[in-house]
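For the record, the sequence lines run as chains A and B.
Numbers given in our numbering equal positions in the first sequence, counted from 1, plus 208.
Numbers given in our numbering equal positions in the second sequence, counted from 1, plus 228.
These are computed hints drawn from the structure, not numbers from a lab.
Treat each hint with caution, since some may be false.
[Stated by the list, open to error] Okay, derived cross-link-like pairs now, DSS-like style, lysine-lysine, Cα gap no bigger than 27 Å in a straight line:
| id | chain 1 | residue 1 | chain 2 | residue 2 |
| --- | --- | --- | --- | --- |
| 1 | B | K340 | A | K267 |
| 2 | A | K220 | B | K340 |
| 3 | B | K239 | B | K324 |
| 4 | B | K324 | B | K340 |
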Amino acid sequence: MIKVEFLGPIGKAPMEMEAKTLADVSAKLKEDKTLTEWLDKCAVALNDTMVNDLTTALKDGDRVSILPPVCGG
Amino acid sequence: MELYNGPLDTKEIFGRWLDEQAKSNYGAYIPFVGTIRAEDDIEALSFDIYEPVLQKWFDGWQEKARALGAVVKMAHAIGDVPVHTSSYVSAVFSPKRRVALELIDAFVEDFKANAPIWKYDVKNGERIYAADRSTPMNGSGLLA
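So that you can see chain B by itself, here it is in the shape it has in the complex:
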């Protein structure tokens, strides 16, 4: 898992991951890129991350992938990420395509629901929590 301040250098990251696994005999490599869209007059999105819980969440997915003979990778931005740049990339390597296609779907969806990352719109230099696009994590409401 890789965390960066500001937008991701997607080509460097994907190229490096590809090089790292060049001799691993994986038949499928499926990358996913999340790009900030220009909408609602935002200048950027901005992110807070709670790394200790994110690392445990990611470790759990690495174990699930390993059980399928696959590898999951991810990188995410911290702080401001301007429109038309990337805040999130992930990828799956697996011996055959079907495992990788299913795993990237499940991994990215669970990432959206349970990775401890908070998103803010940046408008006129002000950070506004994206409450209406955010999802309560599994187990929410315990203390209510």
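In isolation and in its complexed conformation, chain A is listed as follows:
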């Protein structure tokens, strides 16, 4: 199992799921209509390191963070 957490304004409780790659996570999240407006503008971190490859392999206990558009300062 891996854990997916939604940061900042997304306001959604963390999800646990079976996933071997980030592509699997993408497929599962696309089934959730509440995330439709977010996914195309969100970045992704794996265990707190930014990632940008859907083939990234996942292992049991990994934590995927979904980061919506930012505005610091």
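Using the hints provided, position chain B relative to the given structure of chain A.
Quick look at chain B alone, frame taken from chain A:
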């Protein structure tokens, strides 16, 4: 990197940073202050921060600065920050001015685009995500 609940004490922070580097032989010290402006009837802005990724982002900038013989500093507020107070300060120290001037520009611009911080307007006590002023981080849309 320093994070505070509520508005920043800018004079204390800048004074302390200056004291810390007083004998470091830097010729230039360029501070930047971000102040909350009164506009659109807001009472305050409010901020969420994801610290683990912010720390890595900042560590990357410290390495870039070190390669130029410079030092970058920053402090940011968490939670509500009333109008006319400060939510963000940063600074660059470098041996000569040109490096510091260029670095503060690049650092603050990348901060706006890629630091994992989320901004909300506070109106009538309600927190409203500043969606139209926010920027998708590098690599956004991966899962879409």
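Tested hints:
1. B:K340 / A:K267: Status violated; Cα separation ~32 Å.
2. A:K220 / B:K340: holds (24 Å)
3. B:K239 / B:K324: holds (23 Å)
4. B:K324 / B:K340: With a Cα-Cα distance of about 25 Å, the restraint between K324 of chain B and K340 of chain B holds, given a limit of 27 Å.
The structure does not agree with numbered hint 1 stated previously, though it agrees with all others.
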